[in-house]
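The hints should help you fit chain B onto chain A, whose structure is shown.
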Amino acid sequence: MQFFGTTEINPSPPAVTASGNNAHMMYIFNRNGVCLLYREWNRSLHTLDAQQDQKLMFGLLFSLKSLTAKMDPVSADKVNLGVPQLPGQGCSFHSFRTNTYKLSFMETPSGIKLILVTNPRTGDLRESLKYIYNLYVEYVVKNPLYTPGTPIKYELFNSTLDQYVRGLG
Amino acid sequence: MPAVAPRSGEAIFSSAERVNAELFTLTYGAIVRQLITDLEEVDEVNKQLDQMGYNIGVRLIDEFLAKSNVSRCVDFKETAEVIAKVGFKMFLGVSATVTNWDAEGTTCSLVLEDNPLVDFVELPDTCQGLHYCNVLNGVVRGALEMVSTCYLMLVLSSCHIIILV
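Protein sequences, first through last, are from chains A and B.
Using my numbering, you'd call the opening residue of the first sequence number 732 and step up by one each time.
Using my numbering, you'd call the opening residue of the second sequence number 948 and step up by one each time.
Honestly, the hints are just simulated from the structure, not real lab data.
Treat the hints with care, as some may be off.
[Said to hold, decoys possible] Below, simulated SDA-like cross-link-like pairs (lysine to any residue); rule was C-alpha separation at most 20 Å, straight line:
{"hint": "1", "chain 1": "A", "residue 1": "K873", "chain 2": "B", "residue 2": "E964"}
{"hint": "2", "chain 1": "A", "residue 1": "K873", "chain 2": "B", "residue 2": "N1002"}
{"hint": "3", "chain 1": "A", "residue 1": "K873", "chain 2": "B", "residue 2": "F1038"}
{"hint": "4", "chain 1": "A", "residue 1": "K833", "chain 2": "A", "residue 2": "N850"}
Chain A extracted, bound-state conformation (with noise of 0.2 Å):
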């Protein structure tokens, strides 16, 4: 039980394996599909409103998300193609690299999305996104100021997740 002490992480971050400016944006959604993070490091090229891109995004993982679980060749239930998927029913993927970018998606039980944009060199983000999740809880949702499913504008939570992210490789 914590109240006022120190906010420690646990576990600690993952090693870092490289450094360098790689991450382009990161997106965290709810169960609700509520945009509550949105951030961007390295982006050069808006081609829709902040709205529209979220929407996108999201749309783009739901879609994602219900191929592959459609092409699963392994498990046997299986919902239709554009049925909601109840958070982590089904085969999830993790990321996707294009030749110009690398998504990398983490789905918890509880329906928080993360989504990273990096450069299409980086490696297994998997532990990274998680130890992101692990800042969302203590800086978020530990914050008895911030009401749960609203936009996240909290700055030391903003600044520590940058700090995190600008040492990804």
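Chain B only, in chain A's frame:
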């Protein structure tokens, strides 16, 4: 990358920063006492405790998931076990036993043998309808609501929770 094994409630509890148990128990007692003074009706107090617990549970689930590495439970039996063995252990330091399954496997009881909330507590006759630990009821309800869609309601006496799916 190998999948990270779920951590046991014990391991998380021992690594987390803790608050003195008596302070915790007495603070909770003071809250209940104040609610009784403010709301006067025990039913209202029960409702308020449940609401408080619900608000805690909605947030607590994320901490639980982040620290325990538990993945989605396949059925209700597993869910009940995880709540009893990992959830309670991690946040209260005691684990519960899951009993009283009904034939369909949709109802069970979580029994806390050693409930830290009820130390030093004696309910007077005027408060017989009070569910002293109703806050736990709310916590479980709030947390379950964030991870599933099919649960119904929990009922609770001082150290006894019943879950229906």
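For the pair supplied as a hint, K833(A) and N850(A), is the alpha-carbon distance within the 20 Å limit? holds, 6 Å
Are the Cα atoms of K873(A) and F1038(B) separated by 20 Å or less? holds, 14 Å
Just to be careful, I want the Cα atoms of K873(A) and E964(B) compared with a cutoff of 20 Å; is the pair within it? Holds - the C-alpha atoms of E964(B) and K873(A) are around 14 Å apart, at most 20 Å.
Keeping to a limit of 20 Å between CA atoms, is the pair of K873(A) and N1002(B) held or broken? Judged against 20 Å, a Cα distance of about 12 Å means the pair holds.
The structure shown violates none of the earlier numbered hints.
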